[in-house]
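Asks: Reminder that position 244 of the sequence shown reads as 244 in full-length UniProt numbering, one-by-one numbering, no gaps.
Note that these hints are calculated values from the structure, not bench results. Careful, some of the hints might be misleading.
[Said to hold, decoys possible] Calculated pairs, EDC-like style, for lysine to aspartate or glutamate (alpha carbon to alpha carbon, straight line, at most 16 Å):
no., residue 1, residue 2
1, 158, 99
2, 180, 203
3, 326, 205
4, 180, 116
5, 253, 205
6, 110, 125
7, 253, 290
8, 20, 4
9, 180, 4
10, 253, 116
11, 248, 277
12, 326, 233
13, 307, 277
14, 180, 56
15, 38, 73
16, 180, 254
17, 48, 244
18, 253, 118
19, 307, 279
20, 48, 243
21, 110, 178
22, 318, 300
23, 326, 234
24, 248, 234
25, 253, 203
26, 326, 290
27, 48, 245
28, 180, 118
29, 180, 205
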Amino acid sequence: MIVDRYYYAQLNKQEQAVYKAFYNGLMAHEDVIPIPIKGQLTKEVFNKIFRAMTRDNPLIYYVNQSACNWATDAFGHTAICPQYFYSRETVRKYNRNIENAVNNLAAQLKLTEGTDYEKEVRVHDWFCKNVKYDFKGSDMDEPTRVVLSHNIVGVFAKQKAQCEGIAKAVKVLLNAVDIKCIVATGEAEANGKKEHHAWNVIDIDGSPYQVDVTWDIGASKGRIAYDYFNVTDEIISRTHSFEDEMPKCISLKDNYFERNRLTFRSRSQLIAYITQEIEQGRNKLYFRIDGLFPKLRRSELAGMVAKIAAGGQSRAVKVQQIPNEKVGTYWIRIY
1 MIVDRYYYAQ LNKQEQAVYK AFYNGLMAHE DVIPIPIKGQ LTKEVFNKIF RAMTRDNPLI
61 YYVNQSACNW ATDAFGHTAI CPQYFYSRET VRKYNRNIEN AVNNLAAQLK LTEGTDYEKE
121 VRVHDWFCKN VKYDFKGSDM DEPTRVVLSH NIVGVFAKQK AQCEGIAKAV KVLLNAVDIK
181 CIVATGEAEA NGKKEHHAWN VIDIDGSPYQ VDVTWDIGAS KGRIAYDYFN VTDEIISRTH
241 SFEDEMPKCI SLKDNYFERN RLTFRSRSQL IAYITQEIEQ GRNKLYFRID GLFPKLRRSE
301 LAGMVAKIAA GGQSRAVKVQ QIPNEKVGTY WIRIY
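Start from the sequences and build out the full structure, keeping to the hints where you can.
Replies: In structure tokens form, the structure reads like this:
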């Protein structure tokens with residue numbers, strides 16, 4: 001198991017000292033946590049350290065991130081006064097349950113076997129099959145549900161969470177089997193609306209990739225979607241913006257479509273693929289187009305597939321499409 005503290009490494013020495021003292025105090029469930037600085041701690045610096053610590057350490061799920069205060073006395077001593085969602089005894093119980101859930105999943109998914117890419121696929125697929133997005137997880141009339149949906153307890157206990165809980169649970173599982181994974185935060189645009197969002201940056205064989213498991217869960221209806229699995233900064237930036245500087249993701253080597261030779265950069269390549277799949281009796285196609293024709297019109301693509309499926313015969317062929325034109329992926333069913 002690795003402890004991947006990416007955000008800690010981005011802090012200066014004084015901020016790191018505060019981070020360590022804060023972390024140790026929270027792990028001990030202390031009500032007052034003295035921190036090693038002289039003078040005032042600004043709100044900007046405090047928020048930076050707090051964000052770094054909670055993203056680096058998903059197992060600190062029991063702290064109220066919106067109601068944590070600090071105070072400085074007349075002698076210049078500063079202390080942090082956290083608020084906890086759960087008692088020390090409840091946290092111990094939850095920690096045991098989380099540890100058991102992680103160990104059971106690691107065994108069930110055989111996360112000690114295979115390459116890092118294969119482990120990542122198994123984790124991604126488990127989330128897409130088993131975890132649901134909690135659409136009511138921001139309802140302030142249900143505060144308990146809000147807390148659960150924004151941390152790892154929602155995933156491991158209820159298998160239901162919002163993006164923050166999902167991204168943090170992905171990090172816990174992958175870090176547990178020695179795969180570097182960090183939580184990325186920022187904004188994402190869907191249906192013309194920007195909202196705060198969380199996803200992951202995952203290191204596979206030395207190359208970092210952008211991965212949005214939450215959005216793949218949303219697209220996995222009757223199938224498993226890989227639209228946001230191991231993509232580059234350029235691809236994810238079409239819909240996402242980063243809150244902080246992140247590792248540069250420029251490789252597509254371990255992108256799902258690249259690995260499975262399902263990225264097509266010319267019309268002739270795509271036609272050859274569709275023809276081959278239909279000839280082999282497959283009626284579901286999933287691929288990504290890139291390069292010279294990334295904006296292939298839906299009607300044009302449907303007509304192309306129907307024509308190939310008809311095989312020159314005058315028979316009606318229906319084509320269902322689920323496109324994600326932002327990233328160039330298409331799921332098609334022929335019937």
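Asks: Each hint needs a verdict: does it hold in this structure or not?
Replies: Here is how each hint holds up against the structure:
1. 158 <-> 99: Holds, because 15 Å separates the two Cα atoms, which is no more than 16 Å.
2. 180 <-> 203: holds (5 Å)
3. 326 <-> 205: violated (27 Å)
4. 180 <-> 116: Holds: residue 180 and residue 116 sit about 10 Å apart, inside 16 Å.
5. 253 <-> 205: OK: residue 253 and residue 205 at ~10 Å, within 16 Å.
6. 110 <-> 125: Given that 16 Å is the threshold and the Cα spacing comes to 13 Å, the pair holds.
7. 253 <-> 290: With Cα atoms ~15 Å apart, residue 253 and residue 290 stay inside 16 Å; holds.
8. 20 <-> 4: Status holds; Cα separation ~14 Å.
9. 180 <-> 4: Status holds; Cα separation ~6 Å.
10. 253 <-> 116: holds (13 Å)
11. 248 <-> 277: With Cα atoms ~35 Å apart, residue 248 and residue 277 exceed 16 Å; violated.
12. 326 <-> 233: holds (13 Å)
13. 307 <-> 277: holds (14 Å)
14. 180 <-> 56: holds (11 Å)
15. 38 <-> 73: holds (11 Å)
16. 180 <-> 254: holds (15 Å)
17. 48 <-> 244: Distance of about 10 Å is within 16 Å: holds.
18. 253 <-> 118: Roughly 14 Å separates the two Cα atoms, so the pair holds.
19. 307 <-> 279: holds (13 Å)
20. 48 <-> 243: holds (11 Å)
21. 110 <-> 178: holds (14 Å)
22. 318 <-> 300: Within the cut-off at roughly 14 Å; holds.
23. 326 <-> 234: At roughly 11 Å apart (the allowed maximum being 16 Å), residue 234 and residue 326 satisfy the hint.
24. 248 <-> 234: holds (10 Å)
25. 253 <-> 203: Distance of about 12 Å is within 16 Å: holds.
26. 326 <-> 290: OK: residue 326 and residue 290 at ~11 Å, within 16 Å.
27. 48 <-> 245: At roughly 13 Å apart (the allowed maximum being 16 Å), residue 245 and residue 48 satisfy the hint.
28. 180 <-> 118: Between residue 180 and residue 118 the Cα gap is close to 14 Å, so the pair holds against 16 Å.
29. 180 <-> 205: With a Cα-Cα distance of about 10 Å, the restraint between residue 180 and residue 205 holds, given a limit of 16 Å.
Of the numbered hints listed earlier, those contradicted by the structure are 3 and 11.
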